[in-house]
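**Student:** Position one of the sequence shown corresponds to residue 1 (full-length UniProt numbering), numbered consecutively onward.
It is worth saying that the hints were derived from the structure and are not from the lab.
Every residue gets a Cβ at the ideal spot worked out from N, C-alpha and C, and that includes glycine.
Check the hints yourself; a few may be wrong.
What the hints assert, rightly or not - Below, simulated SDA-like cross-link-like pairs (lysine to any residue); rule was C-alpha separation at most 20 Å, straight line:
{"id": "1", "residue 1": "K135", "residue 2": "F161"}
{"id": "2", "residue 1": "K159", "residue 2": "E184"}
{"id": "3", "residue 1": "K113", "residue 2": "D71"}
Unchecked claim - Simulated DEER-style distance windows between Cβ atoms:
{"id": "4", "residue 1": "R194", "residue 2": "L41", "range": "36 to 44 Å"}
{"id": "5", "residue 1": "A101", "residue 2": "R60", "range": "27 to 35 Å"}
{"id": "6", "residue 1": "D102", "residue 2": "D71", "range": "26 to 34 Å"}
{"id": "7", "residue 1": "N175", "residue 2": "P56", "range": "45 to 53 Å"}
{"id": "8", "residue 1": "Q70", "residue 2": "S198", "range": "44 to 52 Å"}
{"id": "9", "residue 1": "N176", "residue 2": "A101", "range": "35 to 43 Å"}
{"id": "10", "residue 1": "E189", "residue 2": "Q100", "range": "45 to 53 Å"}
{"id": "11", "residue 1": "E178", "residue 2": "R91", "range": "23 to 31 Å"}
{"id": "12", "residue 1": "N119", "residue 2": "E195", "range": "17 to 25 Å"}
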Amino acid sequence: MVSGSGSIWLVLNCTSHVRWRFFRMTTSLQPAYALVPGANLEAYVHTVNSIPLLTPERERELAESLYYEQDLDAARQMVLAHLRFVVHIARSYSGYGLAQADLIQEGNVGLMKAVKRFNPEMGVRLVSFAVHWIKAEIHEFILRNWRIVKVATTKAQRKLFFNLRSQKKRLAWLNNDEVHRVAESLGVEPREVREMESRLTGHDMAFDPAAEADDDSAFQSPANYLEDHRYDP
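With these hints in hand, go ahead and build the complete structure from the sequences.
**Tutor:** As structure tokens, this is what we get:
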């Protein structure tokens with residue numbers, strides 16, 4: 001998403017025959033700066049929350065225009081009307097120590113991908129279809145930006161990383177019963193739970209801040225925010 005004077009710019013590829021392109025998303029609701037998550041996140045959230053939701057009938061009409069006629073203005077309206085849902089989803093990932101604006105930005109990319117792929121004949125609302133794409137982009141962003149999770153490369157490891165904290169009652173080692181309960185709930189082997197737990201708490205992953213780390217670095221350490229359950233996604 002790129003800011004422009006009096007508008008918001010989004011990227012969308014409507015069909016396999018159209019290259020990724022910019023299209024202008026003008027709005028009279030708020031100044032342009034309020035439409036780009038960044039310096040003024042509060043203004044951005046206020047703006048997207050003030051954009052009217054689409055009725056099921058209007059959503060289908062727009063979806064058909066995009067799907068069958070490659071109508072970029074229809075795509076614009078669909079994206080704008082669903083930006084508030086991206087904010088809601090992105091906020092649930094605040095416990096990873098990354099900027100909220102960046103999480104929203106990545107979620108917006110997922111929303112645009114969902115709009116591009118949305119088939120009005122599927123019989124579901126766009127918001128239900130888009131959740132997977134929004135979360136997938138946010139997950140990828142988190143995985144790219146924390147060296148603690150660079151080892152979470154397989155699907156099973158990623159599932160464990162994003163679910164293990166919510167399954168654990170404490171940061172201490174899980175007992176055998178807890179390991180098996182977590183493994184069963186996530187559909188993985190107990191061995192994989194132990195391996196991921198070791199990676200999350202291992203000193204080689206710099207889980208705790210180094211003694212010589214400055215205040216900012218120490219605050220960003222996973223040990224700091226993983227202990228605060230207020231931020232659990």
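**Student:** Please go over all the hints and tell whether each is borne out by the structure.
**Tutor:** Verification of the hints:
1. Our distance criterion of 20 Å between C-alpha atoms is met by K135 and F161, whose separation comes to about 14 Å.
2. Restraint check for K159 and E184: satisfied, since their Cα atoms lie roughly 13 Å apart, inside the 20 Å limit.
3. Of the supplied pair hints, the one linking K113 and D71 holds, its CA atoms being roughly 15 Å apart against a limit of 20 Å.
4. Checked against the given bound of 36 to 44 Å, the beta carbons of R194 and L41, roughly 39 Å apart, stay inside it.
5. In this structure the supplied range 27 to 35 Å holds for A101 paired with R60, their Cβ-Cβ distance being about 32 Å.
6. In this structure the supplied range 26 to 34 Å holds for D102 paired with D71, their Cβ-Cβ distance being about 30 Å.
7. The given range of 45 to 53 Å is respected by N175 and P56, whose C-beta atoms sit roughly 49 Å from each other.
8. One distance hint, 44 to 52 Å for the beta-carbon pair Q70 and S198, holds here, with the actual separation near 50 Å.
9. Take N176 and A101: their Cβ atoms lie about 42 Å apart, and the range 35 to 43 Å holds.
10. A hinted range of 45 to 53 Å for the beta carbons of E189 and Q100 is inconsistent with their spacing of about 35 Å.
11. At about 28 Å, the beta-carbon gap between E178 and R91 stays in the expected band of 23 to 31 Å.
12. Separation of N119 from E195 is about 39 Å and departs from the stated range, judged on CB atoms against 17 to 25 Å.
In summary, the structure is inconsistent with hints 10, 12 from the numbered list given earlier, while agreeing with the others.
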